[in-house]
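Enquirer: Going down the list, the protein sequences come from chains A and B.
According to the numbering used here, the residues represented by the first sequence are 1 to 178, in order.
According to the numbering used here, the residues represented by the second sequence are 1 to 421, in order.
One or more of the hints may lead you astray.
[Claimed, not checked] So the derived label-pair ranges between C-beta atoms look like this:
id: 1; chain 1: A; residue 1: V142; chain 2: B; residue 2: D89; range: 54 to 62 Å
id: 2; chain 1: A; residue 1: K158; chain 2: B; residue 2: R387; range: 24 to 32 Å
id: 3; chain 1: B; residue 1: A380; chain 2: A; residue 2: V142; range: 25 to 33 Å
id: 4; chain 1: B; residue 1: P226; chain 2: A; residue 2: K15; range: 51 to 59 Å
id: 5; chain 1: A; residue 1: E113; chain 2: B; residue 2: R223; range: 36 to 44 Å
id: 6; chain 1: B; residue 1: S85; chain 2: A; residue 2: E154; range: 20 to 28 Å
These are computed hints drawn from the structure, not numbers from a lab.
Every residue gets a Cβ at the ideal spot worked out from N, C-alpha and C, and that includes glycine.
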Amino acid sequence: MKVIGVHMDRCTGCKTCELYCGAERGSEGKTLLAAVQETPFPQPRIRVEGGPEGAFPLQCRHCLQAPCLDACLTGALRREEKSGMVIIQEDRCIGCWTCTAFCPYGVIYPSPERKIAVKCDRCLYMEKPVCVDVCPTRALEVVELEGIEELLREKRQKTTKAMAEMGNEGIRLLDLGR
Amino acid sequence: MTCIIVGGGIAGFQAAMTCRAVWPDRAVTLIDAEKETGYYRTLLPQFMVGALPEEKLFFKKGENDPLLTVRSGVRVRSLDRKSRSLTLDSGETLCYDRLILAHGGESYLPGILAGPPCRGIFPVRDLTTARKTQAWLADHRRVVVFGGSLVGVKTAAHLRQAGFEVSLVVRRGHILLRALSPESAEVVEAHLRRLGIEICVNAPLEEIRKINGAIDALKAGGRRLPCNTILVAAGTIPDTSFLEGTGLLTDGELVVSQALQTIDPRIFAAGDVAVISSRGEKARPNTWPQAVSQGKLAAENLYRSTPMPHGDLTRINAMELHGLAMVILGPPVSGAEVISHARPEASVRRELFLVDGRAVGGALIGDITAAGTLHALINAERPLTARDAELLRPRTENVIRFPEQTGRRHALILSPKRSSL
Numbered sequence: 001m002k003v004i005g006v007h008m009d010r011c012t013g014c015k016t017c018e019l020y021c022g023a024e025r026g027s028e029g030k031t032l033l034a035a036v037q038e039t040p041f042p043q044p045r046i047r048v049e050g051g052p053e054g055a056f057p058l059q060c061r062h063c064l065q066a067p068c069l070d071a072c073l074t075g076a077l078r079r080e081e082k083s084g085m086v087i088i089q090e091d092r093c094i095g096c097w098t099c100t101a102f103c104p105y106g107v108i109y110p111s112p113e114r115k116i117a118v119k120c121d122r123c124l125y126m127e128k129p130v131c132v133d134v135c136p137t138r139a140l141e142v143v144e145l146e147g148i149e150e151l152l153r154e155k156r157q158k159t160t161k162a163m164a165e166m167g168n169e170g171i172r173l174l175d176l177g178r
Numbered sequence: 001m002t003c004i005i006v007g008g009g010i011a012g013f014q015a016a017m018t019c020r021a022v023w024p025d026r027a028v029t030l031i032d033a034e035k036e037t038g039y040y041r042t043l044l045p046q047f048m049v050g051a052l053p054e055e056k057l058f059f060k061k062g063e064n065d066p067l068l069t070v071r072s073g074v075r076v077r078s079l080d081r082k083s084r085s086l087t088l089d090s091g092e093t094l095c096y097d098r099l100i101l102a103h104g105g106e107s108y109l110p111g112i113l114a115g116p117p118c119r120g121i122f123p124v125r126d127l128t129t130a131r132k133t134q135a136w137l138a139d140h141r142r143v144v145v146f147g148g149s150l151v152g153v154k155t156a157a158h159l160r161q162a163g164f165e166v167s168l169v170v171r172r173g174h175i176l177l178r179a180l181s182p183e184s185a186e187v188v189e190a191h192l193r194r195l196g197i198e199i200c201v202n203a204p205l206e207e208i209r210k211i212n213g214a215i216d217a218l219k220a221g222g223r224r225l226p227c228n229t230i231l232v233a234a235g236t237i238p239d240t241s242f243l244e245g246t247g248l249l250t251d252g253e254l255v256v257s258q259a260l261q262t263i264d265p266r267i268f269a270a271g272d273v274a275v276i277s278s279r280g281e282k283a284r285p286n287t288w289p290q291a292v293s294q295g296k297l298a299a300e301n302l303y304r305s306t307p308m309p310h311g312d313l314t315r316i317n318a319m320e321l322h323g324l325a326m327v328i329l330g331p332p333v334s335g336a337e338v339i340s341h342a343r344p345e346a347s348v349r350r351e352l353f354l355v356d357g358r359a360v361g362g363a364l365i366g367d368i369t370a371a372g373t374l375h376a377l378i379n380a381e382r383p384l385t386a387r388d389a390e391l392l393r394p395r396t397e398n399v400i401r402f403p404e405q406t407g408r409r410h411a412l413i414l415s416p417k418r419s420s421l
């Protein structure tokens, strides 16, 4: 399974991904100039949040235990078996917004004009997601989940090394958060 | 020995599907009193008014599964825990190894309406009745919707949108009594009135007038409302009749643990029929998403040595009432502190209920921005910060705020040797 990874150190918060997602996936005209003149106003499925202290582009995570799938009242949301993506079938969506209330990331957006919810489908039928394609700093990247295992291993090793450097006494608990 | 699931509503259906997926070598029998299984009850209002074709009501059917048997149109007459068997109304006996009770409830019909049969009165509950209602509505355009529940409000809005003359009659002081605060309900009521729906509150049913065996008028709260159809959406009553004497009921209720297990470890319950005992309180989160997740969890827990508890007992509900979006995050709690953001001119009211500084519920009317994030916040059960409270005052989009970069936090518990330093 493929996921979109974010290089936190590279995102500048420029919102290029938002603009292009809105134009390419949300508009009829498929160009920025056409998109800004359309009604209803095209909606991007990725949003960049945060400020100068650090920005983060966020789109549907296609959770393995997706709360939106359980919440959908009409069966419009379903998991595409081949790719594992959570996708929305627009003809079954009635715009009741239950899924938007269940998404813990706030990345399913109501489109009141079209009476449907819109969300990222990771540009399933395109060669590459638009946001990844247009990011000027290459902050977004499509990663195979196998690659993630490698990333996690690196993280674990880094943590172990850091803890080892702190001396050998006592018991350590990481990230208790309280 | 098979696993038997009683009830073909969404909780039972979901339980059957999950059971087949999680325990692939166990055979499943699904018993449903209705003739049809596997449809979206939530779409019945749209279907009744003709705004949705019937084929869109049904779930996508999977391939034929030899280990899944569906028995529709049959009721369970009795349950015998000793012999682990169910007797159906046909006299047939079925033995179970594990049992999930997900048979939901029956529509509540107030005394007068439950009386001798009268044409033109329909509960909003099941597909068979919805089909009859649809046919009846073809030439009966004056409708009273009785009951200010979510179903009632939704039904009224869809009927009005389809051009019917609609009155919404509510027994108590405002609509959505158990879901919204009076202030929020007022915003929704104002919107419904703008749609052209007549709303009568504080209107308990007094009498009905029939002509030629069909409904002609209704008197409620001292007002006489001429009508030729009454749709009843006054809630449901859990059907526990065949469980009496089995020892499973506590004060007439089917009380289950947070893992949805009854006092009999082989029997689980899910959906509207289950009353979940959690931290000394009884929860009845009778919503569609709850029925789905409870059905799933009950099936997953069937053969687990340690059943897992249900993590989310919130009563989230959402709907779109032809121009007014709303999300109910949890019912009002008496004595709770309320924080709110209101823009009456735009029909917007967003509120959270706090107990001991923690968000326990709330509602977003007219602007549902950050609904998912607020729901997650309620589930987190942590004290609300000023930053969290800002979520109520939305910008134009869903907001995820990031905490300051505090770096990695460590908890270092020192050994006695070190702490003496």
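Enquirer: Indicate, hint by hint, whether the structure satisfies it.
Expert: Here is what the structure says about each hint:
{"no.": "1", "hint": "V142/A <-> D89/B: 54 to 62 Å", "in the structure": "holds (57 Å)"}
{"no.": "2", "hint": "K158/A <-> R387/B: 24 to 32 Å", "in the structure": "holds (29 Å)"}
{"no.": "3", "hint": "A380/B <-> V142/A: 25 to 33 Å", "in the structure": "holds (31 Å)"}
{"no.": "4", "hint": "P226/B <-> K15/A: 51 to 59 Å", "in the structure": "holds (57 Å)"}
{"no.": "5", "hint": "E113/A <-> R223/B: 36 to 44 Å", "in the structure": "holds (38 Å)"}
{"no.": "6", "hint": "S85/B <-> E154/A: 20 to 28 Å", "in the structure": "violated (57 Å)"}
Of the numbered hints stated above, the single one contradicted by the structure is hint 6.
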